[in-house]
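Let the hints inform the model, and build the full structure from the sequences given.
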Amino acid sequence: MSVTVGVVLFPGTNCEQDITWAVEQLGAEAVMCWHGDAVLHDADAVVIPGGFAHGDYLRTGAIARFSPVMDAVREFAAQGGPVIGICNGFQVLTEAGLLPGALQKNAGLKFLCETVEIRVDADDTVLTNQVARGARLRVPINHFEGNYVCDSETLARLRSDDRVVVRYVDNPNGSLDDIAGICNEARNVVGLMPHPERASDPLLGSSDGVVLLESILSAAGVRAGRHAA
Amino acid sequence: MIYEAQVEVTHRPGILDPAGATVERALPALGWGNVSQVRIGKSIRLVIDAADEAAATAQVDEMCRGILTNPVIEDYELHLQELSPT
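Taken in order, these protein sequences are the chains called A and B.
To convert, note that position 48 of the first sequence is 48 in the numbering used here; the numbers rise steadily by one, no gaps.
To convert, note that position 83 of the second sequence is 312 in the numbering used here; the numbers rise steadily by one, no gaps.
No wet-lab data here; the hints were simulated from the structure.
Certain hints may be false.
[As the list claims (entries may be wrong)] What follows is a list of derived Cβ distance ranges for each label pair:
hint, chain 1, residue 1, chain 2, residue 2, range
1, A, Trp21, B, Val276, 23 to 31 Å
2, A, Asp71, B, Ala255, 41 to 49 Å
3, B, Pro300, A, Glu75, 34 to 42 Å
4, B, Pro300, A, Leu109, 20 to 28 Å
5, A, Ala38, B, Gln266, 44 to 52 Å
6, A, Ala38, B, Leu256, 44 to 52 Å
7, A, Lys110, B, Gln310, 33 to 41 Å
8, A, Val31, B, Gly295, 27 to 35 Å
9, B, Val276, A, Gln130, 51 to 59 Å
10, B, Pro300, A, Lys110, 24 to 32 Å
11, B, Ser265, A, Asp42, 52 to 60 Å
12, B, Ala250, A, Pro11, 40 to 48 Å
13, B, Glu282, A, Asp71, 32 to 40 Å
[Said to hold, decoys possible] Using 16 Å as the maximum straight-line C-alpha spacing, the simulated EDC-like pairs for lysine to aspartate or glutamate come out as follows:
hint, chain 1, residue 1, chain 2, residue 2
14, B, Lys271, B, Glu237
15, B, Lys271, B, Glu306
16, B, Lys271, A, Asp56
17, A, Lys110, B, Asp246
18, B, Lys271, B, Glu303
19, B, Lys271, B, Asp246
A virtual CB, placed ideally from N, CA and C, is assigned to each residue, including glycine.
The structure is reproduced here in C-alpha cells:
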C-alpha cells in the first residue's frame with residue numbers, strides 16, 4: 001500500500017509540483033491540500049512546500065498561518081502526524097507557532113540560490129529516520145529569509161533536546177548555531193530551509209535529498225499503519 | 230468612539246535590516262557622512278471603533294502581538310489618537 005503525502009497549496013506556493021514529482025518517483029501518492037479548505041484528504045504526511053505564501057505580505061509566512069488548512073495541519077501535528085515545512089513552509093511553521101524562533105534576512109543581505117552541504121545531527125525525526133547521524137548531504141537553498149534566530153533559552157532547549165535536525169557545514173546565511181532545520185518536541189514536525197525535493201535526481205545535480213524524502217515516506221507509512229490498525 | 234492607531238514596527242536589536250544597512254552605506258556617498266544607526270521599519274495605520282481609548286489600545290495591542298508583528302524579531306510602538314467626529 002502506497003502512502004499519501006498531502007501537499008499544502010497557498011496562493012503563492014511554487015514548489016508544490018516539485019515535491020509532488022519527487023515523492024511520486026519514490027512510489028508515494030501526492031494530494032494537493034488547498035489552503036481554503038480545512039481538510040488533508042486522508043494524507044499520511046503533510047508537506048508545506050516553498051514559495052511565497054499569500055505573497056509573503058506583512059512577513060514571510062505571516063498570513064498563511066490563518067488559512068483554514070492550517071487548522072487541519074495543527075490538529076494532524078497534535079495527533080503525531082508527520083509535518084514537514086520546506087523553505088517558506090518552515091517560515092509558515094514558525095509563524096504558526098508549531099516551531100519556535102523565526103527566520104530573518106540572510107546575514108549577507110543577499111538572496112541565496114546555491115547548493116550547500118548540510119549535516120544530519122538528529123536521526124530520529126520524520127525527516128531523518130532513514131539517514132545516519134553525521135551524514136553530509138548536498139541540497140540546494142533558495143531564500144532571502146533563511147537566517148534562523150531565536151532567544152538564548154530556546155536555543156539552549158533546542159540543543160539539549162537534540163532538536164537541531166540539520167546544520168549547515170559552511171553557514172551561508174548567518175543562521176544561529178548553523179541551524180538549517182529544527183523539529184518540535186515530539187519530533188514529528190520539522191522545518192528546514194534547504195530543498196530536498198530539488199536534490200532528488202542525478203539530473204538535478206544531486207540526489208542526496210532522496211534519503212530525506214524516504215524518511216518522510218517511512219514516517220508516513222508508520223502513520224498509515226497505525227490508521228489501518 | 231473612533232480612533233486612529235499608528236503602529237511603528239522596528240526590527241529588534243540584533244536583527245538584520247538590509248534596507249537600513251544599504252541606506253546607511255549610501256548616505257556618505259551623497260555627502261552625509263555624519264549619519265549612523267539607520268533602521269528602516271514599517272508603519273501601520275488603521276482606524277478602530279471602540280468603546281473608549283483603553284479598549285482601543287487593548288485591541289490594537291492584541292492585534293500587534295497576534296499578527297501585525299512577530300515578537301521574535303520585531304518591536305512595536307503604538308500611538309492612538311481620537312478622530313474628531315466630523
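Violated constraints from the hint list, given by number and in increasing order:
1, 3, 12
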